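Peer 1: Please arrange chain B on chain A, whose structure you already have, making use of the hints.
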Amino acid sequence: MNDDRRTGDHSRTDDASRTGDHSRAHGDRGAHGDRRAEEEGARSLTLHFEGRALPARPGQTVGGALVAAGVTAWRTTRGRGRPRGLFCGIGLCFDCLLTVDGRPDRRACLEPAVDGMRLTVTNPGEHPRADEEAPDADAR
Amino acid sequence: MPTPVESGTSELRDPRDPRDPFDVAVVGAGPAGLAAAVTAAAGGRSVLLLDAGERPGGQFWRHPPPAPGSAEGEDTVRVHHDGARFAALRRALAHHVARGRLTHRPGHQVWLVTRDEDGFLIESTPVHPGTAPVTRRARARALILCPGAADRQLPVPGWTLPGVMAAGGAQALWQGQRALAGRRVLVAGTGPFLLSVAGGLAEAGARVVGVWEAGSPRAWASRLPAVARVPAKAVEGLGHVATLARHRVPYLTRTVVREVLGEDRVRAARPARLDAAGRPGPAGDEVPVDLVALGWGFTPSLELPLQLGAATRLDADGSLVVTVDDEQRADIPGLWVAGEATGVGGAALGVAEGTLAGLSAAGRPTEGRAARRLRARIAAHRAFARAMHLAHPVPAGWSDWLRDDTVVCRCEEVDAATVRAAHDTLGADDARTVKMLTRCGMGWCQGRVCGLATALLASHHAGRAPTEADLAATAARPLAFPVTLGELAELGDEEGGFGGDAVGAGEG
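Just so you know, the sequences run in chain order A and B.
According to my numbering, the stretch in the first sequence is residues 1 to 140, in order.
According to my numbering, the stretch in the second sequence is residues 1 to 508, in order.
Source of the hints: derived by calculation from the structure; they are not laboratory data.
Note that the structure is predicted; figures quoted are calculated from it, not measured.
Some hints could be false.
Restraint ranges, calculated between C-beta atoms of paired labels, are given here [to be verified]: (1) H48(A) / P333(B): 50 to 58 Å; (2) H48(A) / V235(B): 43 to 51 Å; (3) L485(B) / R78(A): 17 to 25 Å; (4) E117(B) / H48(A): 51 to 59 Å; (5) T323(B) / R80(A): 38 to 46 Å; (6) R78(A) / E286(B): 27 to 35 Å; (7) R80(A) / D116(B): 39 to 47 Å; (8) R80(A) / A465(B): 30 to 38 Å; (9) R78(A) / V235(B): 43 to 51 Å; (10) H48(A) / G205(B): 25 to 33 Å.
Where a beta carbon is used, it is the ideal one built from N, C-alpha and C, also for glycine.
Only chain A is shown next, with the shape it has when bound in the complex:
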């Protein structure tokens, strides 16, 4: 991609949780370090989640990076206003939707982490659904 934002050593995944809680991030818990990655000194990317910097590794998805940084939820349900994050983890349940670089309703569990990516909360109804999206075939 374009400008290289690799900012050196972010392989200590707890950097992110030290930047403090975030009102939209339900449940900010201690980070889950990955000893193997630290040992290997894996290159790190930086994601921007609701303005907060999170580390990610090449090959991780957005959802993987979020949970590794201790963020468990990033969406609120339309009906009951309940928090949601990863559930199925493999692209089937659509619980983990979020907005990636302005593109709404992306599945965090499938979206590859790209350095500099901007992640914002997707709540159904808040965004006009992208014109071309036809997620619910029954609705036609």
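Peer 2: Using the frame of chain A, we list chain B on its own:
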């Protein structure tokens, strides 16, 4: 800031005219699909392999991308059970791709398959638009569907809290991305897969505070002959048990999660013992956890076979599966199905079925000694799978642990009281009617998560056993995956090969 390339600009002009069919198309590059594709290519056929994943292996042989400077797959052989088999298949894949016999299109989600007198028309959409070349349409004379399966779920109070995940999803996060979804983990549900998940997470550094298995080990006692036919499975299981013992993971049987507690995320879970009739007793003490990994076996992904109208049956685990003959042929001319979609049974069974399907679809001999050995292996694994399914059933009294406000359909937030009311006050006595009246299973996931529960509850309230029709009502999807209106509009362009009866099938 990265600016992803808009889809369209990066699309390959496929050198192959979409009207020029492949001899064989294979959908899915897990164990069955890989075996089918390389076997058909070895038979001299032109083969197309379409897969939603970026790297071959499917859900079973999931692996992280190679570290910079190392070759794809070196890690996998070491990490995975059965890694040598995967490595051999991947070498064969590379071999046939290099010789131009096999076209591998990763990152392609197939969302519609139709059939006409010339064969099959296959529509796919990029999983990551703009990041890689995509060819949206392909034709093939023969089609082998190997769509795999996903974690099967039952609702339980609190299961919508962040920190409750599908067991396979929690495992995939670690295996594919080296990300741990929790530190204090409870693994619960039923089946040997729970041991694999718990062992993997414990090895990864999580503290696994328990495996709560709804089944009883005694259920296996009467089924030892089936186990003895597949010694490798027993060895694999013992390996997991040894891993759990090393990490001192408590393994409780006839135990289920009665409820998950927390406000905005998981804080604890409470167990319950199952009685002899499979009904849960009162909830026990809270066990503090931050991740609950749930799995009740697997649901085969039948969207594509159902689009084509393939005949189905109920398997021993209560899942809807495709009916196939002794060459893996479905009852649609030119269609073969292999792997979990014909009955959940694991990777080794998938490889055997895929190989047989590849032989048959390529017109290679299916009567010789090698084919007989394949059939014997399939029969042994099927017998093992049946024993496993019967030893690890969905508890008969599972719906007793639902409360009125327990969410059944996560997408539409339909609760158990609403599903019950569809029967009690509106007279719905089948899953299709419950779905239409309550929107249960009609949200983003199209019933992939709540489909089983909806079918089981609908039939339970009607006072009867679930039928194929109940399961089909929550499994059939007019489009296998959400696509854009632009993609829908393009159907009918070019060759006009869009069979109109696929969209809308199975939906009211």
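Peer 1: Compare the structure with each hint and give your call.
Peer 2: Comparing the hints with the structure gives:
no.: 1; hint: H48(A) / P333(B): 50 to 58 Å; in the structure: holds (53 Å)
no.: 2; hint: H48(A) / V235(B): 43 to 51 Å; in the structure: holds (47 Å)
no.: 3; hint: L485(B) / R78(A): 17 to 25 Å; in the structure: holds (22 Å)
no.: 4; hint: E117(B) / H48(A): 51 to 59 Å; in the structure: holds (53 Å)
no.: 5; hint: T323(B) / R80(A): 38 to 46 Å; in the structure: holds (40 Å)
no.: 6; hint: R78(A) / E286(B): 27 to 35 Å; in the structure: holds (30 Å)
no.: 7; hint: R80(A) / D116(B): 39 to 47 Å; in the structure: holds (46 Å)
no.: 8; hint: R80(A) / A465(B): 30 to 38 Å; in the structure: holds (32 Å)
no.: 9; hint: R78(A) / V235(B): 43 to 51 Å; in the structure: holds (48 Å)
no.: 10; hint: H48(A) / G205(B): 25 to 33 Å; in the structure: holds (27 Å)
When held up to the earlier numbered hints, the structure conflicts with none and fits them all.
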